[in-house]
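Chains as they are written, first to last, in my numbering: chain A, 15 to 307; chain B, -9 to 431.
Be a bit skeptical, because a hint or two may be false.
[Said to hold, decoys possible] Each computed SDA-like pair below joins lysine to any residue, with the alpha-carbon atoms no more than 20 Å apart:
1) B:411 / A:116
2) B:420 / A:210
3) B:420 / A:110
4) B:411 / B:121
5) B:361 / A:239
6) B:212 / B:236
7) B:206 / A:146
8) B:420 / B:431
9) A:209 / A:190
10) B:206 / A:20
11) B:411 / A:205
Read the hints as simulated data drawn from the structure, not as lab findings.
Being a predicted model, the structure only gives us computed values, none of them experimental.
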Amino acid sequence: MPVIIEVAPAALFVENLFFRLATVAYLAATIGYLLNLGGKKEWGNFASLSLRIAFVLQTAFLVTRGINVERVPFVGHFEFGNLFIWSTALVYLWTEWRQKERYYAVGAFLLPLLLLYVIYVNLPMVNSAHRPLPPVLRYPLWLNIHVSTSVLGYAGFSLAFALALMWLLRTGLEKTVAQASPFMKTVFKAIPQPKALEDYMYSASAFGFLFQTAMIISGSIWADASWGRYWGWDPKEMWSLITWFVFAVYLHARFTRGWSGSRTVALVMVGWVAMMFTWLGVAWLLSGIHSFG
Amino acid sequence: MNNEASGLPERPAAPDSPQKQILNFLSSMQLGIILLLLLAVISVFATLRPMDEAIANIYTSWWFVGIMSFTALNLLLCTVERIGPLYRQAFRPRLEISFEAVKKMSVSRTVKLKKTAADPLSGAAAVFKANGLSARVVDAPAGQLLFGEKGRLGYFGSVVTHLSLLLILLGAMYGALTGFETQGGGRSGETFFVREGNFHVNIHEVKMEYLDEDGKVRPRAKSNITVTRRGEEIGRQLVSINIPLRFEGVSIYHSTFLWVSQLTITDPQTGESVGPVKLLDGDQYTVQDKNIAISALAFFPDFTMTPEGRPTTRGYKPNRPVLAYRITEGGQQRQWELLELGKPTVVETAAGPLELTLSGFENAAVYSIAKNLGRPYLFIGSMLMLAGMYMSFFLSPRRFYAVFDGKSSTLAVGGRGYRNKLLIEQLMEKIETELQQKEEK
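The shape of chain B in the complex, shown without the other chains (with noise of 0.2 Å):
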């Protein structure tokens, strides 16, 4: 008995309690689209600035952090409210279907049948299941319903993608969380400590594989290292770029490497030597009782001048090692000057002259190093949420009904699709041209 029969004033509906409106809130797409489209606007405006200030300022924010965390969060309940109404179309699907009903779809025909009247369904279904879908037949109460449907997993499509993106959102998480990422190196020889991780990089050898002959294109790096935990070995690889050395959920990737000067600075009138003294580029050396100051100021291996007079260099292969150096004296600055490779020059200075030699150079290798945890995560997530996405989009979940009228000898077919209603069509169309066809045998 409804109120307008009893007569009595209507009752509005009784308004959700604030707890189910803030989780409606929460939970709806509409506040999933704004969230987007705020993420999105505040990356552009991030692009514009430059990259560390945009890092420091913005994608590390608190507030940055907390929209990311208001869209999973979004996600979350978003994806969780969906999963049972999407159980119940996939698995529970509304058979009890007219042959109105089926004419009233958005995607239906109508097959006049005289000569497979008899049996009308089972040659529809011989139709369906030639076109791919599961078919039977159905007893519903206003008569017998075919049913025909094929990709039932792509309702599942968007909650795999949804899971899957909360997933790598948790895994970047527990991996900033629980990791690090900081950076070391040196020449052969060296071992450099990562306090974060507790443990000693050994350098054993630093070398250089050219790519070409002319030693033009950047050279790939490559070093032998052993890592050590109290004297234990715990790791050990030859590393270069593109194959880091992981262990414990640590990687330490080859990042660049440097040019090491070697200077041998000798006294002229004592014969005393000093070095080889190892320098990378902008190193400064104080010769103390000179009371004068090397400073390295760009090593080129393959050395040449510009039309412009400026030191360059060729390549990276060592064909012509050079350093250009800069002699400062009593706090005044000299003119940059050049040593090459084994060929010593005398510079006078207050306290007498001194001969500087390049006595030689080395590369040193730069590593980063990084434990992130959250790397198998993000690697589980980043695959299903390419599965949820082929459920998504390419396994289109389609069914299609077939009832007929025996009164007018009519049959029904109707298709509905989760996404694809261009399929449904196309599907259709076929499905009704075969129908005829059989009709017409």
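Just chain A, with the same shape it has in the complex (with noise of 0.2 Å):
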């Protein structure tokens, strides 16, 4: 029985135009990114600044979303995906605020990602209807934490991710860059040493698998009050638990076995791609109670 919240025409068109502003701003930064990692340059502080104004758009974007649907806008698969992409961008701000012009790379890994991300949230079948909360999720406190940890998670390991495939091209470049074109070896140089990168990589799955854990348990102790148990191995929490041993690995690998290079990166990429199929493919592919639309 589906359910729809009728919004007024013009709050309706506010909430349009902040997104479709916000997707144009994120299409912006990564043109503007990709430019500055192929040797201009003068693009790299346009990129940025794109990116921020994306991130302030779709920050208005999810207020008056939340004003729209009269709660927060954390629920079902297109408010979460906005949620995920309005973290992903955040984090990286802050990244970038810390690392200054050098990390301006890392945008071009990162934004085409967050692009994807942005272009799936667009997709027609992603249901973008307004719908009033089931009684379930009315309990505000557990799925303000839940939601927010998961979202922060997910930005973590996407982070991390876009680092691995900068690894994956630079250590790839590497035997072939006398012979590469100049374009190949601009990009080559404004890409950081491997080492560093295994550091970026590390800290952001770090960060993310923080909030993975977080999110775990949040949604257990929610789940616990609701549905009468706190694991139930539905779908989704199978997933998480998934994605969670393979950061485990990662982690415990590169740390205490000092693995580095290849062997890591690919533990990164089959986390990133289990975090998707957590977010994607359980809700496309396989049933459950963390069935919310």
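Assembly of the complex is requested from the two constituent chains, each provided in isolation within its own frame, with the hints serving as guidance.
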């Protein structure tokens, strides 16, 4: 029995406007970071500014969405996706603010990924209807904690994945850079050293892992109050745990076993795939009690 | 005197005892990694199967529980083995470090001092302190050493995290072994007995809270319940979704609600009537003397028909209550029929006519009842785990050393971290800049 909240046309227009403008700004930021990576350094600041504008616009979108649905806009694929994009932008902007211009190259790898997420939430199959909360989700404390920690965890893992892609390109080019085209030489020079990339990757993964843990724990506490059990072996729960397992292996392998290079990069990539499956695969391919639309 | 110097053949190192080898294997990180990956792979496979089947055949199977237990054992041994070395690392840092050793640290800098050469370490100590490090000068055999550190608790982050995970696993095991999970429910005024907990649940009232005007949003069912044991009250609360009643480690959760149709059956010839008979969807009532059975198929609180001609409901609010039912006579099922609230329908049967009336309806509440004595341990374990991770990732231990070489008038500064080399490099950059600024002033 699908229920739709009726939203005033003007309010809907404002919400959609912020959403579209944020999409355009993310596109502009992606182009800017890619041009910067390709040697047009003057585009770096433009990209960073565009991303900040995109972030502000998406914040405005989330606020208007929240007003229109009369609750926190944390529920359903569309709202969760937007929140995830927003938090990934936030985590990236924070790291860029700390690392300054030298971090722009990371943006050239993260932003295309972010743009893919943006394209996904723009797809017609992603239901963006304004729906009220079902009773089980009317528990603001745990809803807010569970979803916020979830998107921050995903953000950390996305950043780690972008860094893993950079590492692959950097090490792949290392042997052939002498014969590479001038463009590829420029790209090669712009990407930080593999060791530094691994350190960034570790930090991003640790950040994601902490919040993924907090997400699983808060979900368990909430499930205990709502469903009468803290763990129900639901596909979403299990895939969150699988993602957690993979990143736990990565963190231990890197720190305690001293793994580095391709093995750790492979683990981060597998972890990101598991995370994406938790988000998209479970929703579209598997069924369970986490089906809130 | 070593073997080489004495001219004796080198004696191979004695192998560890079998017990030691087994212990090493069980406590190895390599085993932990393999077990975690194995659990991940099995879980992937399990999620591709229907959930009930996965729970019955995989998650609760002896071999899956065995792998989990093996992982817990590995975690325990691994953690216990590391406590000693970590304690020594945290509280007994090696401070006999020479100028050359500091220079050789993976993160190190050298700064030429002229102005501050008279008292080189106090200047550096001020810089250390300005960067949040506790700083002290230590007299070592190789000379004076400035030692600064921060984040000592971070050494124990992994220990706290691992022990918390064990507490969670033990809590889950304790809860599973001492607890139970069951279901029960009923209508207003009914009582049901929970055998596993030896108590009765009296349902005083089941009411619905509609969350929107149209009743399209699933309403919140609320019920006033009292729990009694041998006539004595042990719990009382208004229970609804997200608000369970908890007592003695037992929780009674509102799980779902059902519609109960009240059917009155009258014989128009005699005027005799039966009922109201209370039927849940799927229930059947047999009218003995007529040899017919009436099955309640579905209750529609706000009845309408789809364009395809199927009955449905517009919402949860009982604006137009209708019961879909079917009559079975002499083993023959008839076509389904609809019965609207308060509108009697006469049904012809071989034994004569029968008048059916949907005379009312009510709601029944369904509860999940679970006893879990492991809950406090799970909660404490979870909080400890977050604290442990915070200690691991955000309280990164950092140690800085500075030794002055009078001959070359150079200060060597070296930094070491436990996990976060990036942080050490960033801090080293700041320290170097500040030392140089001090020198230039």
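These are the hints, each one checked on the structure:
Pair hint residue 411 (chain B) plus residue 116 (chain A) holds up; C-alpha atoms about 18 Å apart against a cutoff of 20 Å. For the suggested pair residue 420 (chain B) and residue 210 (chain A), the alpha carbons sit about 18 Å apart, so the restraint of at most 20 Å is met. Taken as a hint, the residue 420 (chain B) and residue 110 (chain A) pair is honoured in the structure, with Cα atoms around 18 Å apart against an allowance of 20 Å. Note on residue 411 (chain B) and residue 121 (chain B): the hinted pairing holds, with a Cα-Cα distance of about 16 Å set against a maximum of 20 Å.
Distance restraint check for residue 361 (chain B) and residue 239 (chain A): the Cα-Cα separation of roughly 13 Å lies within the 20 Å cut-off, and the hinted pair is therefore satisfied. At most 20 Å may separate the alpha-carbon atoms for a hinted pair to count; residue 212 (chain B) and residue 236 (chain B) meet this at roughly 16 Å. A C-alpha spacing of about 10 Å is found between residue 206 (chain B) and residue 146 (chain A), which places the hinted pair at or below 20 Å, so the restraint holds. For the given pair, residue 420 (chain B) sits about 16 Å from residue 431 (chain B) by alpha-carbon distance, which is consistent with the 20 Å threshold.
Of the supplied pair hints, the one linking residue 209 (chain A) and residue 190 (chain A) holds, its CA atoms being roughly 19 Å apart against a limit of 20 Å. In summary, the hint linking residue 206 (chain B) to residue 20 (chain A) is supported, as the alpha carbons are separated by about 13 Å, within the 20 Å threshold. Only pairs whose Cα atoms come within 20 Å are accepted, and residue 411 (chain B) paired with residue 205 (chain A) is accepted, the gap being roughly 19 Å.
Consistency note: the structure conflicts with none of the earlier hints.
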